[in-house]
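Peer 1: Sequence:
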Amino acid sequence: MSGGSLGIRSGSYGSLDKQGLNGVLPIQAASATRTKAYSKMLKEKETLIHWICKFAGRKKVGMLLLCVISAAVFIWVVYFGEDQENDNGSKVNDNLALNNPLINVVQSIRIDNWTSLAVSVKETKVGVMHPPPPSYFLGYTLPPGHPCNTFTLPPPPADKKRTGPRPCPVCYLPVEEAVALMPKVPSFSPVIKNLTYIFEENLNRETEFGGSDFGGYPTLKQRNDSYDIRESMNMHCGFVKGCKPGRGTGFDIYDSDLLEMEQCNGVVVASAIFGAFDVIQQPRNISEYSKQTVCFYMFVDEETEADLKGKYENNKIGVWRIVLVRDLPYTDGRRNGKIPKLLLHRLFPNARYSLWIDGKLELVADPYQILERFLWRKNATLAISRHYKRFDVFVEAEANKAAGKYDNASIDHQVEFYKREGLTPYSEAKHPITSDVPEGCVIIREHIPISNLFTCLWFNEVDRFTSRDQISFSTVRDKIAAKTNWTVNMFLDCERRNFVIQKYHKDVLALLAQRAPPVIYSSQRKVPPRRRRDRKSGARHHRKVSKEIV
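Note that UniProt numbering has the sequence shown beginning at 1, numbered continuously upward.
One or more hints might be untrue.
What the hints assert, rightly or not - Taking CB as the label site, the calculated pair distances span:
no.	residue 1	residue 2	range
1	Ile198	Thr331	22 to 28 Å
2	Arg515	Lys160	24 to 30 Å
3	Thr487	Asp412	42 to 48 Å
Claimed, not checked - Capping the alpha-carbon separation at 25 Å, the derived lysine-lysine pairs in PhoX-like fashion look like this:
no.	residue 1	residue 2
4	Lys506	Lys483
5	Lys161	Lys401
6	Lys430	Lys378
7	Lys316	Lys419
8	Lys360	Lys401
9	Lys241	Lys221
10	Lys503	Lys360
11	Lys401	Lys378
12	Lys405	Lys360
13	Lys401	Lys389
14	Lys160	Lys506
15	Lys430	Lys506
16	Lys479	Lys378
17	Lys161	Lys389
18	Lys221	Lys419
19	Lys483	Lys221
20	Lys360	Lys291
21	Lys241	Lys401
22	Lys221	Lys479
23	Lys316	Lys360
24	Lys389	Lys160
25	Lys193	Lys479
26	Lys291	Lys309
27	Lys193	Lys430
28	Lys430	Lys419
29	Lys193	Lys221
30	Lys401	Lys503
31	Lys360	Lys309
32	Lys316	Lys160
33	Lys360	Lys311
Think of the hints as simulated: they come from the structure by calculation, not from any bench. Note that beta-carbon positions come from the ideal geometry of N, C-alpha and C, so glycine has one too.
Using the sequences and the accompanying hints, generate a full structural model.
Peer 2: Have a look at this one:
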């Protein structure tokens, strides 16, 4: 926004206002008076110089003049050089923030609360106001009359045959508008500002229970300390054996892939398939801008890579870059999948935003539209959908046991541990929290200290207890919220189903293919014979028989 629109004027324009003569400067009328005053001032200067020379020699006068000039230069640098340096500094910061011209097309119009909520405004000696750039993203509101402001969900279609979950409409912005509203600065991270991670060359395996060589063996005291949120924290967050994630840590990745991952400094869309368990789904409805600027990464193990041989070249299948992961740290494939799901900020240290989708899902909306709808418009830093049917952890645990998702004794142990810590069944008393159970197949988040802390703590619970992350989600969320007043945006499951489509696992597809009857195709279409209308003859025959019986 220019200075003119803010009502800011430079020093030269300010002098016009003081004249009070409608902008007409009285130059000629005051020329004679100015000449007399000038001659008088010269005489006074000559008298002053003569007086100085009388009491001091020429050399001393020269030194005195040199000192006066040096003092004047020093004062000028202090007062005016600082302002110039600040001006240049703000320009550099702005240039660093503007990675793409599309990003700032709409922000200057709609995000007007940034400058109004700035920390301070400095007025320089020449009278120009210099509002500093905002340190954090403060959110925005769509303009009045925008269709998304009045958008409401329609009632579900009355289809008695389909009673399960289904997608519902979502009010997205066009891709160009969503890109233009991408924040130039990160969101605010309450309390925690610096987060570092523990590296253990020699693992200490002395702990009460749980833990692994990949995630470490934090004691219960260390676990409790990690929930004491402070400005600077050092904690376990996977990859404890190596100095760099993916290099000698377990979940190892080739250096060429690690280098490419470090280059991703914007948006990441990530997924994983281990054990050749799923078929790779290509995203649809992706804009050309997203294809050029968003990083799409698919992590696979050696078994999945062997299954994909001959199906890709240059490490890519469609938009996905295929990354081979070696030395998986767990024997449980579901637990291995939690590493990229919850620790993307460690694998992509320079990324600003990430969208995780499970390997069985097909993405059918543009990533920028999803980020705008569920993060930026809500001023949230992490969003996840709630479960479509279950809201209570105790109910979720029983459902996992009934479905054989994990060892029942381990599930009971985890739930009892949380009960001793204060876990209670979900009720309306927890509002505005709408659910304790997420549908964890999609995670949308910004990579800032508070959200990174959340996913680290969530991963540590998965590493210590069971791999069923729905059971540990609410415990981690509520413990952080109690210290920071930070929470998660839990949106409707039907909204999630609007931008991802769930596909069958590969084994289910094979089973369905075996059960399906063979389809026989013929070049000629067979016309079924026309049925004769014999209702009357049948009726007459029925009456004849009736008469004979009588």
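Peer 1: Report the numbers of all earlier hints that the structure fails to satisfy, in ascending order.
Peer 2: Hints 3, 4, 5, 7, 11, 14, 15, 21, 27 and 32 are the ones this structure does not satisfy, whereas the remaining hints hold.
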